[in-house]
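Asks: Sequence:
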Amino acid sequence: MIEFYSENNFSLDEKEKHQIWIENVINSEGFKLEEITYIFCDDNYLLKINQEFLKHDTLTDIITFDNSFGLSVAAEIYISTERVDENAIKFGNKFTEELRRVMVHGVLHCMKIDDHTDEEKRKMRQKENEKLQMFHVEQN
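Residue 59 in the numbering used here is what sits at position 59 of the sequence shown, and the numbering runs on without skipping anything.
Honestly, the hints are just simulated from the structure, not real lab data. Backbone N, C-alpha and C fix where the C-beta goes; we use that ideal spot for every residue, glycine too. Certain hints may be false.
Within a straight-line C-alpha distance of at most 25 angstroms, the following computed BS3-like cross-link-like pairs (lysine-lysine) qualify [claimed, not checked]:
| no. | residue 1 | residue 2 |
| --- | --- | --- |
| 1 | K123 | K94 |
| 2 | K32 | K48 |
| 3 | K123 | K90 |
| 4 | K17 | K32 |
| 5 | K32 | K15 |
| 6 | K121 | K94 |
| 7 | K55 | K17 |
| 8 | K94 | K32 |
| 9 | K123 | K112 |
| 10 | K55 | K121 |
| 11 | K127 | K17 |
| 12 | K15 | K127 |
| 13 | K121 | K15 |
| 14 | K90 | K127 |
| 15 | K32 | K112 |
| 16 | K17 | K48 |
| 17 | K15 | K55 |
| 18 | K90 | K32 |
| 19 | K32 | K121 |
| 20 | K127 | K94 |
| 21 | K32 | K123 |
Distance windows between CB atoms, simulated [stated by the list, open to error]:
| no. | residue 1 | residue 2 | range |
| --- | --- | --- | --- |
| 22 | D118 | T58 | 27 to 37 angstroms |
| 23 | D85 | Q51 | 16 to 26 angstroms |
| 24 | T117 | E7 | 24 to 34 angstroms |
| 25 | T60 | D118 | 18 to 28 angstroms |
Turn these sequences into a full structure, and let the hints guide you.
Replies: Here is the structure:
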């Protein structure tokens, strides 16, 4: 089950298509969807979570609370749509593409794909690009 909530005025278009895509991403890596909740919010909302739970006093585009176990993916994923919008402009991407990149980034972390080292970051970006292509393929 994949659910979408908003703590700001953002509303995700094509929710069902996104649900199918994320589940296909998970299955393509040999994992199984348990439950993912996406919460869209603004910078201040996510900053408070970052300060309270991670003790970081910085803005971020995503925080993933990974509750996965074994090959089952479960998570609460908080995404700042403000930060996604700014990053889309900064990197010359459309908002929707940047949002999907961030959405899949959180899921990839739940499947034990990290991005701490330069090599891990390269692999993460490669996986993100691969999984973004899946969105544009007919979803069944």
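Asks: Hint by hint, note whether the structure agrees.
Replies: Hints and how they fare:
Restraint check for K123 and K94: the C-alpha separation of about 22 angstroms stays at or below 25 angstroms, so the hint holds. Restraint check for K32 and K48: not satisfied, since their Cα atoms lie roughly 31 angstroms apart, outside the 25 angstroms limit. As the CA atoms of K123 and K90 are separated by approximately 22 angstroms, the hinted pair is consistent with the 25 angstroms bound. For the given pair, K17 sits about 18 angstroms from K32 by alpha-carbon distance, which is consistent with the 25 angstroms threshold.
A threshold of 25 angstroms between alpha carbons decides the hint, and for K32 with K15 the separation of about 19 angstroms falls inside it, so the pair holds. At most 25 angstroms may separate the alpha-carbon atoms for a hinted pair to count; K121 and K94 meet this at roughly 21 angstroms. A threshold of 25 angstroms between alpha carbons decides the hint, and for K55 with K17 the separation of about 35 angstroms lies outside it, so the pair is violated. A distance of roughly 30 angstroms separates the Cα atoms of K94 and K32; the hinted pair therefore is violated under the 25 angstroms criterion.
Our distance criterion of 25 angstroms between C-alpha atoms is met by K123 and K112, whose separation comes to about 12 angstroms. Of the pairs offered as hints, the one joining K55 and K121 holds, with about 23 angstroms between alpha carbons and a cut-off of 25 angstroms not exceeded. Taking the CA atoms of K127 and K17, the gap is about 20 angstroms. The hint holds against a cut of 25 angstroms. Between K15 and K127, the direct Cα distance comes to roughly 22 angstroms. Compliance with the 25 angstroms bound is thereby established for this hinted pair.
For the hint pairing K121 with K15, the CA-to-CA distance comes to about 28 angstroms; that exceeds 25 angstroms, so the pair is violated. A hinted pair counts as satisfied when its Cα atoms are at most 25 angstroms apart, and K90 with K127 qualifies at roughly 21 angstroms. At most 25 angstroms may separate the alpha-carbon atoms for a hinted pair to count; K32 and K112 meet this at roughly 13 angstroms. Proximity of K17 to K48 is assessed by CA-CA distance (about 30 angstroms); at most 25 angstroms being required, the pair is judged violated.
Between K15 and K55, the direct Cα distance comes to roughly 32 angstroms. Violation of the 25 angstroms bound is thereby established for this hinted pair. For a cut-off of 25 angstroms, the pair hint linking K90 to K32 is broken: about 34 angstroms separates their Cα positions. For the given pair, K32 sits about 24 angstroms from K121 by alpha-carbon distance, which is consistent with the 25 angstroms threshold. For the proposed pair K127 and K94, the alpha carbon gap of about 19 angstroms is at most 25 angstroms, so the pair holds.
Between K32 and K123 the CA atoms are separated by roughly 21 angstroms; this keeps the pair inside 25 angstroms, and the hint holds. Our hint of 27 to 37 angstroms for D118 and T58 is violated, since their Cβ atoms are close to 20 angstroms apart. With their beta carbons about 22 angstroms apart, D85 and Q51 fall inside the hinted range of 16 to 26 angstroms. Taking the beta carbon of each, T117 and E7 are about 33 angstroms apart, inside 24 to 34 angstroms as hinted.
Taken as a hint, the range 18 to 28 angstroms holds for the pair T60 and D118, whose Cβ atoms sit roughly 20 angstroms apart.
Violated hints, in rising order: 2, 7, 8, 13, 16, 17, 18, 22; the structure is consistent with all others.
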